[in-house]
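S.K.: Here's the letter readout for the chains.
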Amino acid sequence: MAKKKVEARVLEPMDKKYELVLILQPELLASALEKKLKEFEAYLVENGGIIDLKDVWGKQDLAYRIGKHDAGLYVVYNLTLPTTFNQELDEHMRIDKDIIRSLMVSLKEGYEYQKFEEEVLPAMKEEPSNSRNSSRNNSHKADDGGKKAEVKDKGKKADAASLDEKLGDILKGGDVKV
Amino acid sequence: MSKKVIFSTNQKHAPGKRRCTFCTNQMKDIDYKDIGTLKQFMNGFQKIKNRYYSGVCLRHQKMLATGIKRARHLALVPFTN
Chain A
-12 MAKKKVEARV LEPMDKKYEL VLILQPELLA SALEKKLKEF EAYLVENGGI
38 IDLKDVWGKQ DLAYRIGKHD AGLYVVYNLT LPTTFNQELD EHMRIDKDII
88 RSLMVSLKEG YEYQKFEEEV LPAMKEEPSN SRNSSRNNSH KADDGGKKAE
138 VKDKGKKADA ASLDEKLGDI LKGGDVKV
Chain B
75 MSKKVIFSTN QKHAPGKRRC TFCTNQMKDI DYKDIGTLKQ FMNGFQKIKN
125 RYYSGVCLRH QKMLATGIKR ARHLALVPFT N
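Those protein sequence lines, which keep their order, are chains A and B.
Okay, so the first sequence: first residue is -12 according to this note's numbering, each after it adds one.
Okay, so the second sequence: first residue is 75 according to this note's numbering, each after it adds one.
Same shape as in the complex, but just chain B:
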């Protein structure tokens, strides 16, 4: 059962005042196979977005980073573009 992740809440606020999407969606862990959500937090150059712009809390940002790095290792997501 895949839950739908709501990204719309972050677009209302200015960067720096955004709220963590994973906290609002009550996601305890971030799956490295879930490419759709991972790509939301990646740049046009396929870099990991800064916490200031994405609004993710520190705990989830660390989990996100490991998730994206694992996905990169498995060639689900590119290293650079």
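With the rest of the complex left out, here is chain A:
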């Protein structure tokens, strides 16, 4: 118990909960990214921050270009930081060349973090349905093709059956006649 008390930092009334989103350069390798994040976390902890949650989204396309970059590595943190540290952190992130962009937002009480995969996967499923024309046309075409194929098959079967009947008639008739 004594050890735990030493490790855990006592919360002060000046502390506040934040959510921090970083966009890093896409050219960073996995090992370099880990190193970078470790350094950044160490910097946070040095200045009295606590990391509640960390989520690495990975490489993602940007909606628009940011300084010659078409993609970025997204990382999300949930932090508790002293309020006096805010400006210094902004300055630190601005100077860092690997961090393209960042957003820090204070959180309300009772905030629950939703994981990115859970959110985006259904959206990704919806996207093809949103581009209605192409998908719908394709589906219609496919359906029509199937129906046509079925109809053709039926016709063939009918033809075959009728031919058989005719053959049978002819044979019977032939038998009678011959």
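FYI, nobody ran anything at the bench for these hints, they're computed from the structure.
Because the structure is a prediction, the values reported are computed rather than measured.
One or more hints might be untrue.
Stated by the list, open to error - Derived DMTMM-like pairs: lysine to aspartate or glutamate, alpha-carbon spacing no greater than 25 Å straight-line:
id : chain 1 : residue 1 : chain 2 : residue 2
1  : B       : K121      : B       : D103
2  : A       : K41       : A       : E(-1)
3  : A       : K3        : B       : D105
4  : B       : K113      : A       : D42
5  : B       : K78       : A       : E6
6  : A       : K46       : B       : D105
7  : B       : K91       : B       : D103
8  : B       : K143      : B       : D108
9  : B       : K136      : A       : E99
10 : A       : K46       : A       : E99
11 : A       : K41       : B       : D105
12 : B       : K136      : A       : E96
13 : B       : K102      : A       : E99
14 : B       : K121      : A       : D48
15 : A       : K95       : B       : D108
16 : B       : K143      : A       : D85
17 : B       : K78       : A       : E99
18 : A       : K23       : A       : E78
19 : B       : K143      : A       : D77
20 : A       : K41       : A       : D2
21 : B       : K143      : A       : E99
22 : B       : K143      : A       : E75
23 : B       : K143      : A       : E78
24 : A       : K3        : A       : E96
25 : B       : K143      : A       : D48
26 : B       : K121      : A       : D57
27 : B       : K78       : A       : E96
28 : A       : K95       : B       : D103
29 : A       : K41       : B       : D108
30 : A       : K3        : B       : D108
31 : A       : K41       : A       : D77
32 : B       : K102      : A       : E6
33 : B       : K113      : A       : E99
34 : A       : K23       : A       : D83
35 : B       : K78       : A       : D42
36 : B       : K113      : A       : D57
Claimed, not checked - Looking from chain A toward chain B, a few residues come up when the C-beta cut is under 7 Å (computed):
id : residue
37 : V8
38 : L49
39 : L90
Think of the CB as a built atom: it goes at the ideal place given N, C-alpha and C, for glycine as much as any other residue.
Put chain B on the given structure of chain A with help from the hints.
M.R.: What follows is chain B alone, placed relative to chain A:
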């Protein structure tokens, strides 16, 4: 746990008589990382839809606007198209 947001209720009513989707789904806050729901309230030109057409109440419209602006800053959603 992501809740499914129901948008279908708004399509029944004429613009001006629609009901707030966030009120009906009992969503207290709008997340800027939730791009799927944000895009429902954006124009073909990626502008924020008018409250008259989307039917969102004033309180949620303000939250929506901040959410979309944050998402734009993070390049999750484009400024214009």
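S.K.: Look at each hint and say if it fits the structure.
M.R.: Going down the list of hints, with the structure as the test:
1. As the CA atoms of B/K121 and B/D103 are separated by approximately 21 Å, the hinted pair is consistent with the 25 Å bound.
2. About 22 Å separates the Cα atoms of A/K41 and A/E(-1), which keeps this hinted pair within 25 Å; it holds.
3. A distance of roughly 19 Å separates the Cα atoms of A/K3 and B/D105; the hinted pair therefore holds under the 25 Å criterion.
4. Proposed proximity of B/K113 and A/D42 is supported: the alpha carbons are some 23 Å apart, at most 25 Å.
5. Restraint check: the Cα-Cα separation between B/K78 and A/E6 comes to about 24 Å, which is no more than 25 Å; the hinted pair holds.
6. In summary, the hint linking A/K46 to B/D105 is supported, as the alpha carbons are separated by about 21 Å, within the 25 Å threshold.
7. Taking the CA atoms of B/K91 and B/D103, the gap is about 23 Å. The hint holds against a cut of 25 Å.
8. As the CA atoms of B/K143 and B/D108 are separated by approximately 13 Å, the hinted pair is consistent with the 25 Å bound.
9. This hinted pair checks out: B/K136 and A/E99 have alpha carbons roughly 21 Å apart, not beyond 25 Å.
10. Straight-line distance between C-alpha atoms of A/K46 and A/E99 comes to about 24 Å, which keeps the hinted pair within the 25 Å bound.
11. Of the supplied pair hints, the one linking A/K41 and B/D105 holds, its CA atoms being roughly 17 Å apart against a limit of 25 Å.
12. For a cut-off of 25 Å, the pair hint linking B/K136 to A/E96 stands: about 19 Å separates their Cα positions.
13. This hinted pair checks out: B/K102 and A/E99 have alpha carbons roughly 12 Å apart, not beyond 25 Å.
14. As the CA atoms of B/K121 and A/D48 are separated by approximately 20 Å, the hinted pair is consistent with the 25 Å bound.
15. Distance restraint check for A/K95 and B/D108: the Cα-Cα separation of roughly 17 Å lies within the 25 Å cut-off, and the hinted pair is therefore satisfied.
16. Distance restraint check for B/K143 and A/D85: the Cα-Cα separation of roughly 23 Å lies within the 25 Å cut-off, and the hinted pair is therefore satisfied.
17. Restraint check for B/K78 and A/E99: satisfied, since their Cα atoms lie roughly 16 Å apart, inside the 25 Å limit.
18. Between the alpha carbons of A/K23 and A/E78 the distance comes to roughly 17 Å, so the proposed pair stays at or under 25 Å and holds.
19. Restraint check: the Cα-Cα separation between B/K143 and A/D77 comes to about 19 Å, which is no more than 25 Å; the hinted pair holds.
20. At most 25 Å may separate the alpha-carbon atoms for a hinted pair to count; A/K41 and A/D2 meet this at roughly 19 Å.
21. At roughly 21 Å between alpha-carbon atoms, B/K143 and A/E99 fall within 25 Å of each other, so this suggested pair holds.
22. For a cut-off of 25 Å, the pair hint linking B/K143 to A/E75 stands: about 24 Å separates their Cα positions.
23. Distance hint between B/K143 and A/E78 is fulfilled; the C-alpha atoms sit about 22 Å from each other, no more than 25 Å.
24. Of the pairs offered as hints, the one joining A/K3 and A/E96 holds, with about 10 Å between alpha carbons and a cut-off of 25 Å not exceeded.
25. Using a Cα cut-off of 25 Å, the hinted pair B/K143 and A/D48 holds, with the two alpha carbons roughly 18 Å apart.
26. Among the hinted pairs, B/K121 with A/D57 is consistent with the structure: their alpha-carbon atoms are about 22 Å apart, no more than 25 Å.
27. Note on B/K78 and A/E96: the hinted pairing holds, with a Cα-Cα distance of about 23 Å set against a maximum of 25 Å.
28. This hinted pair checks out: A/K95 and B/D103 have alpha carbons roughly 9 Å apart, not beyond 25 Å.
29. The straight-line distance between the Cα atoms of A/K41 and B/D108 is roughly 17 Å, inside the 25 Å bound, and the hint therefore holds.
30. A C-alpha spacing of about 23 Å is found between A/K3 and B/D108, which places the hinted pair at or below 25 Å, so the restraint holds.
31. Restraint check for A/K41 and A/D77: satisfied, since their Cα atoms lie roughly 19 Å apart, inside the 25 Å limit.
32. A C-alpha spacing of about 18 Å is found between B/K102 and A/E6, which places the hinted pair at or below 25 Å, so the restraint holds.
33. The hinted pair formed by B/K113 and A/E99 meets the criterion: a straight-line CA distance of about 22 Å does not exceed 25 Å.
34. Annotation: proposed proximity of A/K23 to A/D83 holds, straight-line Cα distance about 11 Å (limit 25 Å).
35. At roughly 22 Å between alpha-carbon atoms, B/K78 and A/D42 fall within 25 Å of each other, so this suggested pair holds.
36. At most 25 Å may separate the alpha-carbon atoms for a hinted pair to count; B/K113 and A/D57 meet this at roughly 21 Å.
37. Here the hint on A/V8 is kept, as its CB sits about 6 Å from the closest CB of chain B, short of 7 Å.
38. Of the supplied interface hints, the one on A/L49 holds, with its beta-carbon coming within about 4 Å of a beta-carbon of chain B, less than 7 Å.
39. Interface hint status for A/L90: upheld, as the beta-carbon distance to the closest one in chain B is roughly 6 Å, under 7 Å.
No hint from the list above goes unmet by this structure.
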